[in-house]
Amino acid sequence: MTVGIVIVSHSPDVAKGAADMVRQMVGNEVPLGFCGGNPDGGLGTSVEKILAAIDAAWSEDGIAILVDLGGAETNSEMAIEMLPEERRQKIVICNAPVVEGAVMAATEAWGGGSLADVKRTAEELSPQ
Amino acid sequence: MTVGIVIVSHSPDVAKGAADMVRQMVGNEVPLGFCGGNPDGGLGTSVEKILAAIDAAWSEDGIAILVDLGGAETNSEMAIEMLPEERRQKIVICNAPVVEGAVMAATEAWGGGSLADVKRTAEELSPQ
Amino acid sequence: MALPLETLLDTVSARIISAADELTALDSAIGDADHGLNMKRGFEAVQADKAGIFAKPPGEALKAVGMTLVMKVGGASGPLYGTLFMTLGKELPENPSVADLGRALQASVTALKARGKADIGNKTMLDVLGPVAAHLESGSASIESVRALATESAKATIPMKAIRGRASFLGDRSIGHMDPGARSSEIMITAVCDVLEGKP
Amino acid sequence: MALPLETLLDTVSARIISAADELTALDSAIGDADHGLNMKRGFEAVQADKAGIFAKPPGEALKAVGMTLVMKVGGASGPLYGTLFMTLGKELPENPSVADLGRALQASVTALKARGKADIGNKTMLDVLGPVAAHLESGSASIESVRALATESAKATIPMKAIRGRASFLGDRSIGHMDPGARSSEIMITAVCDVLEGKP
Ligand SMILES: Nc1ncnc2c1ncn2[C@@H]1O[C@H](COP(=O)(O)OP(=O)(O)O)[C@@H](O)[C@H]1O
Ligand SMILES: Nc1ncnc2c1ncn2[C@@H]1O[C@H](COP(=O)(O)OP(=O)(O)O)[C@@H](O)[C@H]1O
Ligand SMILES: [Mg+2]
Ligand SMILES: [Mg+2]
Ligand SMILES: [Mg+2]
Ligand SMILES: [Mg+2]
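Residue numbers (this note's numbering), protein chains in the order written: chain A, 1 to 128; chain B, 1 to 128; chain C, 1 to 200; chain D, 1 to 200.
Quick caveat, the hints were computed from the structure, so don't treat them as lab data.
Be aware that one or more of the hints could be misleading.
[As the list claims (entries may be wrong)] Straight line, CA to CA, 30 Å or less: simulated DSBU-like cross-link-like pairs of lysine-lysine: (1) LYS155(C) - LYS56(C); (2) LYS90(C) - LYS113(C); (3) LYS90(C) - LYS16(A); (4) LYS16(A) - LYS16(B); (5) LYS90(B) - LYS199(D); (6) LYS90(A) - LYS155(C); (7) LYS50(D) - LYS199(D); (8) LYS113(C) - LYS56(C).
With the hints as extra help, turn the sequences into a complete structure.
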């Protein structure tokens, strides 16, 4: 069992840096996708990029998405709704900070935690 | 009254991206410093870089530091202790996520909040 | 009435695109200074896609507009306005009465509330779209009254405290500024009124 | 006894630097795979700075070692070991007895607990440094017993659940692995024992 992790930030740099931190912690054993920036590359988020990141991290054990602020969440929800039902039900958005939550979630996923475990870990252990 | 904001991440990319997000929200009116990476530039933090970031963001109204994980906090505390007493007492480390907390803290600082207001805003409003 | 969809869309697009700086300035006061840029990106993409969009029947065309906004806007307003257009496309009958317009807009408002986890009074686009939908549904709406209500509702966001979106980070300091999304909604509704009145 | 500070520091540095891969591997299992890299960076900087460090009297030299570690390690272990050396520099008298060594190390452990907001039993370097300090203070310590205790204490972190540091993110899964900081502490203490026994 290895849940995949998706990082969605307004900033491409934040997304990349958080992904580096995840990789440092769990290596390549956890499926990971990340994206940041609006469709033009400026600060914002893009449904298309989010869909690609979900695809890159896809795991049948589920996907935990970490987002930063408002639009990242709304756009991630929109992206999820565009997926077929059998994928949709395997994706959760964590109510956790994007960087700290991604590291926590990935650590739990690496240890073999279920999607619910991964979400709970990100939401509980992250600094408030 | 404008409190300064300092962002300390293990990742130079996260620090830069979070700073971009802060700038997008509050422009150049809030003193801002940021750093990431160990003394060699790899993932980690550096007391020297933290001291430089505090210096860059210095405001007599105070400095709120946002950190990501463990070592970023320990190294920030160490950096603060190395400063003269009159600076030290004007610096707080927020118990808040680095990206979301930085945006929240900077927004409050921009609005003229005190150091205590800035810290409280970052800690209360940030997703948990 | 048969809706002149293409003219409506062209006018809405043109008005939003030329108001981009104003919308961005509003967002700069209480947000991240990108609402105009976002909306411009979205409606430019809609215009670029016009041939594909109007190859479809009206309902599908509206859904395609919504999908383009979802994919291109890049801010919270993308999924929100996208949901608005997609719901309109689903709900509007072929030759809608004013009451049909009201019902469809009301359905959009409901979908938008769910999408944004928001409600009327939160200082968002909902504070324009909600009252206008209710007014259309009431049966007593005229083009004049709709236009006036949209303008008045956008203005009414000025004293509100933001509860949703970036402006909510400002807390009480969000008071005293018009919500950028409320203003873009006002612009779109005004554009529709102007077209229906024959003055685009 | 007069401490052969320079030999001690050279041996500690050499042992840590040559154990870098092992320490990183331990950190890879329950952390971010950088403890060896961090410690190597720190002690290479100490070695590079040796002339400056040993131009100072012993207490100041130890403080300078601590400061170099603080500035160069780049991980949580930097301020922690930095605090250890700085406290030793402050607390150690000129020609310390074994009890003096114990008292100074105990003071370092206290400072380290405060710095890390940690305690004995959290699966950290404290689980080696704490017992060794207590044993030295007890008055019954021999080089042999100190060395054995350090090794045993590092091993005793294997069944512990991490409460502090990165390994705490793993929760129960941190059980079954030796703490990298406990191992680096064991290596340093063993190095000191070896030097004092005349076999560096
Ligand atoms: N959760 C929400 N519910 C309803 N409307 C919202 C919400 N978040 C933002 N809005 C609307 O979107 C507008 C901001 O859009 P925009 O600036 O394009 O996106 P972003 O906030 O992601 O930068 C706001 O002025 C508000 O009207
Ligand atoms: N809060 C703490 N209190 C005490 N020791 C700690 C703490 N955090 C980490 N450590 C020690 O530091 C070691 C990790 O050091 P290192 O890998 O160099 O730093 P980082 O954890 O920042 O990557 C751990 O194995 C543990 O012994
Ligand atoms: Mg905006
Ligand atoms: Mg935005
Ligand atoms: Mg480490
Ligand atoms: Mg590290």
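Worksheet item: Regarding the pair LYS50(D) and LYS199(D), is the alpha-carbon distance no greater than 30 Å?
Response: Given that 30 Å is the threshold and the Cα spacing comes to 22 Å, the pair holds.
Discussion item. Run the distance test for LYS113(C) versus LYS56(C): straight-line Cα separation, threshold 30 Å.
Written reply: This hinted pair holds, its Cα atoms lying about 28 Å apart.
Worksheet item: Keeping to a limit of 30 Å between CA atoms, is the pair of LYS90(C) and LYS16(A) held or broken?
Response: With Cα atoms ~38 Å apart, LYS90(C) and LYS16(A) exceed 30 Å; violated.
Practice prompt. Take a quick look at whether LYS16(A) and LYS16(B) sit within 30 Å of each other, Cα to Cα.
Written response: holds (11 Å)
Discussion item. Check whether the Cα positions of LYS90(B) and LYS199(D) lie no farther apart than 30 Å.
Written reply: violated (50 Å)
Worksheet item: Has the given pair, LYS90(A) with LYS155(C), been kept, meaning a C-alpha gap of at most 30 Å?
Response: violated (43 Å)
Fill in: Agreement of LYS155(C) and LYS56(C) with the hint, judged by alpha carbon distance not exceeding 30 Å
Outside the cut-off at roughly 36 Å; violated.
Worksheet item: Within a Cα-Cα threshold of 30 Å, do LYS90(C) and LYS113(C) meet the stated pairing?
Response: Holds, because 17 Å separates the two Cα atoms, which is no more than 30 Å.
When each numbered hint is compared with the structure, violations occur for hints 1, 3, 5, 6.
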